[in-house]
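In order, the protein sequence lines correspond to chains A and B. Per my numbering, the very first residue in the first sequence carries number 1; after that it's consecutive. Per my numbering, the very first residue in the second sequence carries number 645; after that it's consecutive.
One thing to keep in mind: the hints can contain errors.
What the hints assert, rightly or not - In silico lysine-lysine, DSBU-like type, Cα no more than 35 Å apart, as pairs:
1) B:Lys660 with A:Lys492
2) A:Lys182 with B:Lys839
3) B:Lys691 with B:Lys791
4) B:Lys660 with A:Lys503
No wet-lab data here; the hints were simulated from the structure.
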Amino acid sequence: MNLDSKIPEGPLAEKWSKHKFNIKLVNPANKRKYDIIVVGTGLAGASAAASFGELGYNVKSFCFQDSPRRAHSIAAQGGINAAKNYQNDGDSVFRLFYDTIKGGDYRSREGNVYRLAEVSVNIIDQCVAQGVPFAREYGGLLANRSFGGAQVSRTFYARGQTGQQLLLGAYGALSRQIANGKVQMYSRHEMLDLVLVDGKARGIVTRNLITGQIESHSAHAVVLATGGYGNVFFLSTNAMGSNATAAWRAHKKGALMANPCFTQIHPTCIPVSGDHQSKLTLMSESLRNDGRVWVPKTVEDAEKIRKGEIRPTDLPEDKRDYYLEERYPSFGNLVPRDVASRNAKNVCDEGRGVNKTGLAVFLDFADAIKRDGEDTIRGKYGNLFDMYEQITGDNPYKTPMKIFPAVHYTMGGLWVDYNLMTNVDGLYSIGEANFSDHGANRLGASALMQGLADGYFVIPYTIGDYLAKMPYDKVPVTHEAFKAAEANVKEKIDKLLSINGSKTVDQFHKELGHIMWEYCGMSRNEEGLKKAKGMIRELRDQFWKDLRLVGTNDELNLSLEKANRVADFMELGELMVDDALHRDESCGGHFREESQTEEGEAKRKDDEFSFVSAWEYTGPEKPEVLHKEDLVFENVKLTQRSYK
Amino acid sequence: MKITLKVWRQKNAADKGGFQTYQLDNVSPDMSFLEMFDVLNEELLSKGEDPIHFDHDCREGICGMCSMYINGKPHGPKQTTTCQLHMRSFHDGQTITVEPWRAKAFPVVKDLVVDRTSFDRIIQAGGYVSVNTGGVPDANEIPIPKKVADEAFDSATCIGCGACVAACKNASAMLFVSAKISQLAMLPQGKVERKTRAEQMIAQMDEEGFGACTNTGACSAECPKEIKLENIARMNREFYTAKAKSENV
Chain A
1 MNLDSKIPEG PLAEKWSKHK FNIKLVNPAN KRKYDIIVVG TGLAGASAAA
51 SFGELGYNVK SFCFQDSPRR AHSIAAQGGI NAAKNYQNDG DSVFRLFYDT
101 IKGGDYRSRE GNVYRLAEVS VNIIDQCVAQ GVPFAREYGG LLANRSFGGA
151 QVSRTFYARG QTGQQLLLGA YGALSRQIAN GKVQMYSRHE MLDLVLVDGK
201 ARGIVTRNLI TGQIESHSAH AVVLATGGYG NVFFLSTNAM GSNATAAWRA
251 HKKGALMANP CFTQIHPTCI PVSGDHQSKL TLMSESLRND GRVWVPKTVE
301 DAEKIRKGEI RPTDLPEDKR DYYLEERYPS FGNLVPRDVA SRNAKNVCDE
351 GRGVNKTGLA VFLDFADAIK RDGEDTIRGK YGNLFDMYEQ ITGDNPYKTP
401 MKIFPAVHYT MGGLWVDYNL MTNVDGLYSI GEANFSDHGA NRLGASALMQ
451 GLADGYFVIP YTIGDYLAKM PYDKVPVTHE AFKAAEANVK EKIDKLLSIN
501 GSKTVDQFHK ELGHIMWEYC GMSRNEEGLK KAKGMIRELR DQFWKDLRLV
551 GTNDELNLSL EKANRVADFM ELGELMVDDA LHRDESCGGH FREESQTEEG
601 EAKRKDDEFS FVSAWEYTGP EKPEVLHKED LVFENVKLTQ RSYK
Chain B
645 MKITLKVWRQ KNAADKGGFQ TYQLDNVSPD MSFLEMFDVL NEELLSKGED
695 PIHFDHDCRE GICGMCSMYI NGKPHGPKQT TTCQLHMRSF HDGQTITVEP
745 WRAKAFPVVK DLVVDRTSFD RIIQAGGYVS VNTGGVPDAN EIPIPKKVAD
795 EAFDSATCIG CGACVAACKN ASAMLFVSAK ISQLAMLPQG KVERKTRAEQ
845 MIAQMDEEGF GACTNTGACS AECPKEIKLE NIARMNREFY TAKAKSENV
């Protein structure tokens, strides 16, 4: 298979403009002859569906939640990057591009990332025009703050609820198109299969989550904006319903899955409190602007704090180890996420963790409060502090927060070319669901940027290039390809319902999560990964023999929904392990213990691994086949990432 | 902790429904309210009984999906979402009654799950600024006083959970509708369409079967995001101004 990324020729800064000129257009009067399916209504999906509707296409939009406004983009806290240089601190499109490529540890495409930086400025304009209430200065202009991995202030924010405000903007735009009749909305519908006709994506099969009805939907193109797969780990900052089913089933129909082992562990989450834990809550990275990360210098002091013999505020300065500020004087507490997470793990491994489980470090605001006053800090982070207090019962104005890394984002995803089309004709993937822009590690405030860039400013152009070459004819849902896909979906559901074993879906999901976290989490090695592969296979066998579901398909059935998703996580988990095993280097969030510098930092092997791993499904229980897309760097020099 | 739960069970929209009682002996005070339901559902599943269906997703208090009416209050005793309510807010041995949102415009789907698409239809009636993608002015072209931006933000933080409707004796959606109308009426970008927006959203709200406002204030008192009652006053002002000069009288 030839993986053609279709990056346009020419200088970096001109690629996108040239490409926009060269791609084919669909005449406005003809747009209404084309149907587009968009699955997912987060930032990428909602913005794409709304923009398609505005252009005149007929859109069908799907989400599994009860309303498109609830997609998990809503929970993003900190902000959105844009190279506006409003702060006059030396920012530029090229600098944002450079920071993103470097932050991704040189495992992303120059062309895609440059385009992302280029359109970032339009996003902010668009959102303000929609009435998104970004934070402002007293003069009435937009405020910015800084985020990990950057030395300029380019992050726009709306208190700690930026994702919510941006999503409600996109939801508004989507609602307007629903009212105009250009978008048909299907909430509480879950995509369970992709339908191909003559090798092209021509529709999907969905399950109506209320009635259980299996339905077919036909279109000229299908866009998957279905988010990431962090819930493979059971515990993550994802929503409970976030899943990989749409993407995975497209993968089984031929779409390649790229870099699945690249997962991001976010350094600032609330630590686990017990076995009942159902999810982990993120504390925005923006807190690292003012919070200082530390643990006691000695194991003895850490033990006293764990036992409650001394309070953290009692420990004098000279007995505290502000390890990020010590090791990385130029970036300090604002090092990228992968670096901050690994360092937290290391100090806890040394026995210096600070909560009952020994798996937590402090994030301390005492100095910031002394410097700026409690009111200023409340103005910046009030809702985050309240949330922390609600969950833990501790008051972060009085005592340092306790934080620990947790699975947050997946950089891997469906392989796409420069047009955001997968290797399957007519199947597109945008937002977190694709692999394209973040390499091996995503910088803070870049997920919102990518979701909206893809949805508002990239795919509305690139999809036209494909549709312009398509005949107007529609495929009826009575076509045999739809019937076959429906039968396939029903068979799988019947099988799940008929196992009648003894263990619940959650039990299996938790076990899978333990395996993934232990062997394919913050640090990985060959022996562990091989062991994990065997364990996952065994667990999967057990799942299909011993799962217990209650109820039928013809009703709202939450455990059946979940079983469908967990069945796919089991397969995807194994591919993540395969990918991690194959990539015998460390880069970004993928840390192979065998490949580290003397100082314990991730060590890349550019000669051997400067490529995108794209995996092809070949059949049940058969090994997936690896295809490589070489990464070519013409504008940046590959260096060992340093934040010292 | 030991907890007795009385939970509304209803197989589907057509079923009459009724309360069922469940005993939990091993509840940790650190659990969230929904995690307690997870534990109970695991138990029910392993006994082959249908688990209790409830809506939930982000479990961070922001998606607005969770919607339990706990001991006579939407989202329970604390002014927060159900997912952010922890068992330490209850005492050992307590009996807790859990019902779905009760409102004509929110029909029950199953157990504690209700249909809130009426809220989506209200937003579709005009809860946005009618701009297409692209061709908009630079973000800093129109300065907006910080105070105005902050106030608009406060209104914009509504999560659309429907607690205001559940709390109201009239099942009125005024707080929800007014939050969106206020946010957009305060910002220069939203002012252009303020009249048609107020008229259309309120007309849709009435059509969905939500009740009228009698200034009790329960909506705001129970709102997990502390959306202020002033929004309703602002909405009324928007509505009267619009109607006074309306072409659709």
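Structure-based check of each hint:
no. : hint                   : result
1   : B:Lys660 with A:Lys492 : holds, 32 Å
2   : A:Lys182 with B:Lys839 : holds, 24 Å
3   : B:Lys691 with B:Lys791 : violated, 56 Å
4   : B:Lys660 with A:Lys503 : holds, 31 Å
Consistency note: the structure conflicts with earlier hint 3 alone.
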